[in-house]
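Q: The chain contents come next:
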Amino acid sequence: MFKIIKKEILNPTVTLMEIEAPLIAKKAEPGQFIILRTDVNGERIPLTIADFDREKGTVTIIYQIVGATTEKLNHLSVGESLLDFTGPLGTASHTENLKKVAVVGGGVGCAIAYPIAKKLYAQGSTVHSIVGFRSSELVILQNEFENVSDKYILMSDDGTAGEKGLVTDALKALLDAGEKYDEVIAIGPLVMMKFVCALTKEYGVKTVVSMNPIMIDGTGMCGGCRLSVGGETKFACVDGPDFDGHLVDFAEAMARSAMYKPQEREAHEKACNLFKEVK
Amino acid sequence: MPNMSLKKNEMPTQQPEIRNKNFAEVATGYSEEQVLDEAARCLACKNKPCVKGCPVGIDITAFIAKINEKDYEGAYQKITEQSSLPAVCGRVCPQESQCEKFCVRGVKGESVAIGRLERFVADRHNENATEAPEKPIHNGHRAAIIGSGPSGLTCAGELAKRGYEVTVFEALHLAGGVLVYGIPEFRLPKKIVGKEIETLKQLGVKVETDMVIGKILSVDELFDQGFEAVFIGSGAGLPSFMNIPGENLKGVYSANEFLTRVNLMKAYLPESDTPIQQAKRVAVVGGGNVAMDAARCAKRLGAEEVYIVYRRSLDELPARKEEVEHVGEEGIIFKLLNNPTEILGDQNGFVSGIRCVEMELGEPDASGRRRPVVKKGSEFELDVDCVIMSIGTSPNPLIKSTTEGLETQKWGGIIADEVTGQTSREGVFAGGDAVTGAATVILAMGAGKAAANAMDEYIQKKV
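Protein chains in written order, with my numbering: chain A, 1 to 279; chain B, 1001 to 1463.
One should not assume that every hint holds.
Lysine-lysine pairs mimicking DSBU-like chemistry, simulated, CA-CA at most 35 Å apart [stated by the list, open to error]:
#1 B:K1400 to A:K234
#2 A:K26 to B:K1161
#3 A:K270 to B:K1190
#4 A:K99 to A:K194
#5 A:K26 to B:K1462
#6 A:K206 to B:K1400
#7 A:K56 to B:K1201
#8 B:K1375 to A:K234
To give an idea of the interface, some chain A residues facing chain B are shown, with a C-beta separation under 10 Å as derived from the structure [said to hold, decoys possible]:
#9 F2
#10 K27
#11 N41
#12 M221
#13 R226
#14 Q263
#15 A271
These are computed hints drawn from the structure, not numbers from a lab. Source: prediction; values computed, not measured. Glycine included, every Cβ here is placed at the ideal spot set by N, Cα and C.
Build out the structure end to end from the sequences listed, making use of the hints.
A: Structure follows, in structure tokens:
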């Protein structure tokens, strides 16, 4: 069993959990993910590893409550355990030979962007972090990012935190000011990654995105996570989750991610009602 | 005096129009009366031709003789001398091309229903067994098994019986491999798989789930942990697609994904959180047992029309004859000599149809089957909202890519000695679909068993 060591509410819909999983902690690298299940009827959901502590033997996950599983997860407390916690899955993010990088994070995607920024900073790369949220109460990991960034730019849709605007506005301003990046790493909602890629393509800057499609096993078995990259079908779970953003077919990825939206909503409502009844 | 009836006792089954709406087992099993009547058909041939058709070498005439004495537990013990999963094999083995193929009674009439007898004996044991099998005395040696499918479980069982401390590592949250994620409940109840695994645990086998070897631990680290030999039975899990337009539309599944959602995740139960599309009209592409399973699941999930689209004719269908018959009875429509060329989508990216061409059979190809060729101008569209691709799988590269010196075929199969399962790495053995590509449960079990023998020999030689 995988014990919850720490639980921290980061904002009204986003929670951080530290899970006891020493074997995974020993192998985990930024960019990789885990698959968890809360209970015997639970769905298997993938979550990217937000941090890990090899000494303590813990893996940190940060999740947004969107469906039944994350709702159930959020009702667990410190000391309780997850039924299943499998990983580390997927290939690690490539950070070698990157001297100067812009790390772009959107919303809960910052949870995934953070360990990559941390690794880059630790290896001596120059890190410019551009993070965006809808508004101030949703901002997460500000201190963490500031500690591993040479430049930290906070953007919000409504201007209540940092500057008003989109992450693409900030990135464009930096590129226009003559900043030269070896790579842009963009992690966030599909639509954000799509627009970051459209921008960087114009500027000819290599861009890596982290994809988080629907999957079941996470080992290449179901093929549910397939996406088109440069006209080829790839499995995000084993070939990714990082891909060259300029080659990803975002329209298709967005369509596929909405496959079970109605069922997800229904299942979430069902889970919420269940918890209400329990109360 | 043997029962000289030319026909085998018919297997009682749920009525097709009832069973195609539920997930309960289709074949309900022989009664004791039927079992005794059927067992009496065995001529107890001295040279036991049936045994040479069994990949794990069960002493078939001996266990049937025990049935004739009404010693069902004795019959069970005879079977388990050679097989670790009798209740599974009695259900899913293609007996018609193995033991029963060589049965003398089959020369004139139908062969003895060996599989059905095996199933009865195993079920009877599982229902009545109260005491755990005796745990063998530990011989001080350790072996690791990667994958808890048929080959891994068999290998584990064989080694445990010889006193090895065996740990099975399973990537998913539940042990059983294809027996739990692939083969549906109505053909192989999961309770039965669970029971067989429980029996192995009673023999001392440890099962560790949620362990993706190649990720959390490498094969080399298993040796570092003190395992003296490693068996790789990681199966052929990677689904193939046709590479035709529209394959990434919503509503296109690999058979693996579809079956996993249904069988492992139980998406058809209201209490399960795992979603599955509520499809009305489904096309399953392919003609193997997996395609049949997927089609029958789709029907049970409530689809009105289910098609099996297969590019060759009925004679070439690779699925078991019995399964093909069941499929037909359940109202599933065969679209034979048809091949998809494109999957069509609506404006929201969901499947709206499948474009096919008609085929005709030409000259035999390398597989010996007549090669299908496209009939000119035969294009047509089938109105479907779900397409399940069941055109094969290939071995998972996870272990190969993380195990230095482990040689594989170009298509990904691990290169292993046909007799011993020995790979290019010392102390590492492999078997089942990971070596052969997608095949049957019993062949994988045969390989697991052979590898167990070789691993035993290897470890004992080193001592």
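Q: Next step is simple, just say for each hint if it's right about the structure.
A: Evaluated hints:
1. For a cut-off of 35 Å, the pair hint linking B:K1400 to A:K234 stands: about 19 Å separates their Cα positions.
2. The suggested pairing of A:K26 with B:K1161 holds, with an alpha-carbon distance near 34 Å, which does not exceed 35 Å.
3. A threshold of 35 Å between alpha carbons decides the hint, and for A:K270 with B:K1190 the separation of about 27 Å falls inside it, so the pair holds.
4. Pair hint A:K99 plus A:K194 holds up; C-alpha atoms about 24 Å apart against a cutoff of 35 Å.
5. The suggested pairing of A:K26 with B:K1462 holds, with an alpha-carbon distance near 32 Å, which does not exceed 35 Å.
6. At most 35 Å may separate the alpha-carbon atoms for a hinted pair to count; A:K206 and B:K1400 meet this at roughly 30 Å.
7. Of the supplied pair hints, the one linking A:K56 and B:K1201 holds, its CA atoms being roughly 32 Å apart against a limit of 35 Å.
8. Annotation: proposed proximity of B:K1375 to A:K234 holds, straight-line Cα distance about 32 Å (limit 35 Å).
9. The beta carbon of A:F2 comes within 9 Å of a beta carbon in chain B, closer than 10 Å, and the hint placing it at the interface holds.
10. Given the 10 Å rule on beta carbons, the hint for A:K27 holds: about 6 Å separates it from the nearest Cβ of chain B.
11. Because the smallest distance between the Cβ of A:N41 and any Cβ of chain B comes to about 5 Å, under 10 Å, the interface hint for this residue holds.
12. Residue-level restraint check for A:M221 holds (minimum Cβ-Cβ distance to chain B is 4 Å; threshold 10 Å).
13. Annotation: interface hint on A:R226 holds; nearest CB of chain B at approximately 6 Å, less than 10 Å.
14. A least Cβ separation of about 4 Å between A:Q263 and chain B falls short of the 10 Å threshold, and the interface hint therefore holds.
15. Given the 10 Å rule on beta carbons, the hint for A:A271 holds: about 8 Å separates it from the nearest Cβ of chain B.
Checked against the numbered hints above, the structure breaks none of them.
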